[in-house]
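Residue numbers (UniProt numbering), protein chains in the order written: chain A, 1 to 200; chain B, 1 to 257; chain C, 1 to 269.
Derived from the structure by calculation, the hints contain no laboratory data.
Remember, predicted model here, so these are calculated numbers, not experimental data.
Careful, some of the hints might be misleading.
Stated by the list, open to error - Here chain B is said to cover these stretches of chain A; the calculated rule only asks that three of the stretch's residues, wherever they fall, bring their Cβ under 8 Å from a Cβ of chain B:
(1) 44–52
(2) 93–100
(3) 132–139
From the three backbone atoms N, C-alpha and C, an ideal C-beta is built for every residue, glycine too.
Okay, here's what each chain looks like letter by letter:
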Amino acid sequence: MGSEPEPGCALRPFAVEQGLLSRPDGSAAFVQGDTSVLAGVYGPAEVRSSRESPERAALDVLLRPKVGLPGVLERSREQMVRRACEAALLGELHPRSSVTLVLQVVSDAGSLLSCCLNAACLALLDAGLPLRSLFCGVTCALAPDGAVALDPSARQEKEARAVLTFAFESTEKRLLLSTTRGACSAKEVEYVRDVHGTSV
Amino acid sequence: MAASGLSAEVDVGQVVLPGDVLLLPAAPNADGERLRLGPSSAPRGRLLCGPGLRRCAAGLLVTKCGLLRHRPPAGAGTGGGAYWVDSQQKRYVPVKGDPIIGIVTAKAGDIFKVDVGGSEQASLSYLAFEGATKRNRPNVQVGDLVYGQFIVANKDMEPEMVCIDSSGRANGMGIIGHEGLLFKVSLGLIRKLLAPNCEIIQELGQLYPFEIVLGMNGRIWDPREVISTPQDWIHQQSGLLHLFVALSPNLGTGAFL
Amino acid sequence: MAAGFKTVEPLEYYRRFLKENCRPDGRELGEFRATTVNIGSITTADGSALVKLGNTTVICGIKAEFAAPPVDATNKGYIVPDVDLPPLCSARFRPGPPGEEAQAVSQFIADVIENSQIIMKEDLCIVNGKLAWVLYCDIICLDYDGNILDACTFALLAALNNVQLPAVAINEETGLAEVNLKQKTPLNIRKYPVATSFAIFDDTLLIVDPTAEEEDLATGTVTIVTDEEGRLCSVHKPGGSPLTGAKLQDCITRAITRHKEVKQLMDKI
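Based on the provided sequences and hints, a complete structural model is requested.
Following this line, the structure appears as structure tokens:
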């Protein structure tokens, strides 16, 4: 790849605010274009005995959509965010305690999962929890003609042949999370992953 | 982000992020203030790895985001000293030796359960007060404030605190009054206030005499006499709080709340 | 003595085997358990399949019913997957509403159906705007011994292959649908997606088809769904240990090989 970013490989303008909520131990708001997610972290706090683990902190993630009750899609996303955060969090330093991460979708205009991951990472950072590394999420849309668009809007996602979301950790840029919608070839996945890695 | 292979030099006092690996200078005496991000040889001298840092194969792994601080070794030692990350947090994690303000929540036989703001409640034995014996029990009720220090505080065990020091004297610890107000502030502010020659404390002292108790768990207790009218009460409390807020720009990088 | 060591230090016990490049049940790191499939066992369902992947047993039953097509796509039918992990299959699941694992697997199966275009929803339409088929795919796990995603995907595929839909005629006078049970046609399966799951150990080792014990000790999982053209329908890595690009490529290569093995099995039935 050349050193200049190709058209379509530019991210939407993004903004971060940390420490905006007074009650949670850590909070962050992440805005990507028109997509905005608010995250709050409580922890390390008391844990229910059923969730208690003698080896590491029990991490719970709650994802609340903008309208309606959380459904199967939200549960699936909660599981993905939880496992990504568990890989980055040093839970061994706080056994028999719980860390609760609450994500509230304020507005959804595409790339929602990566916005949630970014907000989660910054909220954990704001709470002062020990982390092995930082991580960030990026979404990419493959148009039917093969063009790659980073950080797609809702319209681009709808028209795309495939939408891929990746999360990379900060130390060695290895892949932490991957989820795809739509079918694509193995070469396209590799190419997109490399493009994501450089943009991160 | 600096990848392994680049040799960036991090001055003490710079912001570090989780995942950064800090390598200790090969020559301990020269460049004691600088740490290199990159491959290096094994460190020499006794080094204290403080909060926010963990030892890893290559050096020190940063686990919290904040400013890197360094204290040179006390004697004329060959390198070492202490490194730590000055980070901001609201939630307290018990550390051995920290003086804290706790709230008694339950009496269970011979011990009291004390809420210290951490993930677990601490236990306080009734014999851990000055002059307490099996016959002469201290008069501690549920809801009282106690000022003590931790003797056992690690991640694997329930924290234990006492209200006497090693020689058996109270030294200011114990039940602290039944009136007054308890403020919850961030841990960074407490550390700033407890630093030697804190500007706020000095300026406040010049305005009017006061006595406050600071707990490392983010709690400040302010003993006020019972005020007769509600207006006086509000004026007195908002005065202290406004002073804290007004003086916070002088705190520099450590945030107030 | 080995059993005692396994209870006290399960991870160390497992590492000893991994050093010799094998696993406690004698398999290689890249070897799958014995896969068997039995179709058409549920006579009351329109299509069914039972898949056994070692000890993991999953049964899928498909019922076809009538429904009005969705308003925004009047020529499409519905496919509704639902995965149930009852307390029967493992001690880790409690009775009550579906837990997080069951919901996550249900979402994964729904995504596989959507991404791989296994059935075109247009094929399920009977009368445009008025009547369409809705296929309720109920996948129930009978024995949970790891690698539930692979087993569910395969069971769904085999059951869909087994579905026979009766012919439907609309009576001109009454406007009602008349079902002719004697005349049945199979579904048109366009793609054959096959899932391959890996468990990540100690950030470096990848093992294929983990058992339940291996999943508990693993630090991460990856699932790759491929179809017969070698296209990736899903690269599902829900967090866990980070992977380098080269390791991901190895997973994709192994998944393509596994697809050929499963396709051979499918062709036999």
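Going down the list of hints, with the structure as the test:
1. 44–52: holds (count 4)
2. 93–100: holds (count 6)
3. 132–139: Our answer is that it holds, as 3 residues pass the Cβ test (under 8 Å) against chain B, meeting three.
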